[in-house]
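Student: Given chain X, work out where chain E should sit, using these hints.
Residue numbers (the numbering used here), protein chains in the order written: chain X, 580 to 953; chain E, 580 to 953.
Keep in mind that the hints were calculated from the coordinates and are not lab data.
Since the list gives no way to pick out one identical chain from another, each pair is judged satisfied if it fits inside one copy or across any two copies.
Below, in silico cross-link-like pairs of lysine-lysine (DSSO-like), each with a Cα-Cα straight-line distance of 30 Å or less:
no. : residue 1 : residue 2
1   : Lys589    : Lys606
2   : Lys913    : Lys589
3   : Lys723    : Lys683
4   : Lys723    : Lys865
5   : Lys692    : Lys723
6   : Lys583    : Lys606
7   : Lys723    : Lys923
8   : Lys913    : Lys923
9   : Lys589    : Lys778
10  : Lys778    : Lys913
11  : Lys589    : Lys865
Number of protein chains: 2
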Amino acid sequence: MSEKILSISKRTRVTPFTRRVEAAGVKAYTVYNHMLLPTVFESVEADYWHLCEHVQVWDVAAERQVEINGPDAARLVQLMTPRDLSKQESLQGKYAPMCDAEGKILNDPIVIKLSDDRWWISLADSDIKLWAKGLAQGYVLDVKVFEPDVSPLAVQGPKAEELVARVFGDAVKSIRFFRGEMLAFEGVDMYVARSGWSKQGGFEIYLPQWDLGEALWDALFAAGEDLNVRAGCPNGLERIEAGLLSYGSDMTDEDNALECGLGVFLNLDADVESLSLPALRAMADKQTRVHAGMLFDEPVDFASVANNIGGFDVLDGDECVGEVRSQIWSPRYKKHLAMGIVQKTWHEGRATVEIAGQQGRIVALPFSAEDLQA
Amino acid sequence: MSEKILSISKRTRVTPFTRRVEAAGVKAYTVYNHMLLPTVFESVEADYWHLCEHVQVWDVAAERQVEINGPDAARLVQLMTPRDLSKQESLQGKYAPMCDAEGKILNDPIVIKLSDDRWWISLADSDIKLWAKGLAQGYVLDVKVFEPDVSPLAVQGPKAEELVARVFGDAVKSIRFFRGEMLAFEGVDMYVARSGWSKQGGFEIYLPQWDLGEALWDALFAAGEDLNVRAGCPNGLERIEAGLLSYGSDMTDEDNALECGLGVFLNLDADVESLSLPALRAMADKQTRVHAGMLFDEPVDFASVANNIGGFDVLDGDECVGEVRSQIWSPRYKKHLAMGIVQKTWHEGRATVEIAGQQGRIVALPFSAEDLQA
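With the rest of the complex left out, here is chain X (with noise of 0.2 Å):
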């Protein structure tokens, strides 16, 4: 497919950033959550070195909020995650797929705990306020779900924890991944965590009064100019070679959390009410696909085994064994890389895969560094 323009309406939202976005010359966006997500400023190869070597800040609104607020809200969130939330502190975030009573993938967010009435869902690209609002409503629940005046602003890069102490202060060094503190900008506490969807580190600031948004954007490049700090957004390419998966392209909801490789997040064996552990405890041992990783020394012509559903296809000959969704060309490790599903009974005990005339070693992910180096 050659290049597109998007068509921009308000349905389309903007973020309390966009005009700061439009400013520093973003060049393509995608629509996520019904709000417009940038996705490259100069290049994703240069966007890429960039980020590896300095610090970038990314509007990252578009990972929308869902509030989960009042007694039962533990409860609610519980029942849409297989992975147990039991032992969750405050200001914790965990990464908790929700899936539905068959197992399916509905979403892959983070989900905060800001006390034990208080939760946020923090979202991959699904309507998932609109599952909860059904829950609540048939379970007769004493919740309110709603989407908050919350919008994530990702500070990343290997610089990203002095460009976030010097608006925030040291507090910010002490914490750990996945964990948050209440931090004041301008008089206005905000949940400041060690996250964000890059392998280079950093943190989001969960921006809660969308006026503030061009004033944290300045102060944190006003603070960051010796840094080489730039404005970003989550990388194709980095995402990739960090084996990040994307919500939708890796996994979508025909797919079970299983077969996408997200065993390691679930706990099956968990005593806890979850609408879709009974199913994934039932199927756990009878996966039919698989999630692996390609690897190839040149590059591979995929367009040519484009499938019409938006994928690539494996195939063994004449059968189609998977699909590839998500695939790039590293110029880091001179590698093309692919992630995909495939059928289990031709994945045991394989080693290498032919796509396009090119042949590639199969391998686990997330990809390991001594598979792309190798």
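Tutor: The following block gives chain E in isolation, referenced to the frame of chain X:
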């Protein structure tokens, strides 16, 4: 905002018709229900004139269906809407806003009754599947809720009936507005309805089998060569002239169904089980905002009054009294058309509005022929 590129991935789903749409030279898309929806081929204006004079084939697969299937299907669909569906006939469609227990709008789909226990909700842009699944789970309803393999293809314009009749037979000519028939294409029955998101008239064909999409597209183009058939799409100019509301722009889940002018589609006195009816009845005479149309004889510089939430301020002196959410210059009527939501107290008895230095008239929605031609 200047033009931006849309980043396309598996998450921004392709449709059964995307390869044909690309070959036809689509220039822009939006993302709608996580799927590509074409928005421009030649230009909005050129597309408009062709639509009004000839016939176009539109890839509106992004109008995804939610199928509600099972003994409790009718109950679940009725729970979700304040419109009385009790007398709906099989193969009939009804515009049925979906509202939550506070009367807020979650979607404004066409609800199609296939049989007593099988319904499709033909969606605007939100994941109603998740709301329906949550309700079904909580109310312990005996239904399956899923997105079937159904992709609407619209044929719109004054020559649409002739073209659809050439492919599906003269039976289409007796289909009334918002009614449909099951008609065969290549031996496969598909629901063909007289409907579509334009005022030019036409049909929507609900393709029930992904891999027949290109054959259906090709058949329509082969049959319509002498009718000047072209690829098209929902047209931003035609739909505003027609006063068709776009969910997410003209109304959102922060607006209730009454203030968005949908009262005529609600049945506040109906004796049916609907989640939103109690709230809507209670607030029926307590609205504080109202939908309004505005017409200007000169082009209005809306960019100069853009707010930072994707709309345009309506100011009375220094006071913001409302928001324009959709606006476009109409070459046919030589007027700038705007639709918005304004304070009811400001609106009452008021005939004129000033935006960006231009004087305009306040008119009823949808725009009347008299107002457009005045």
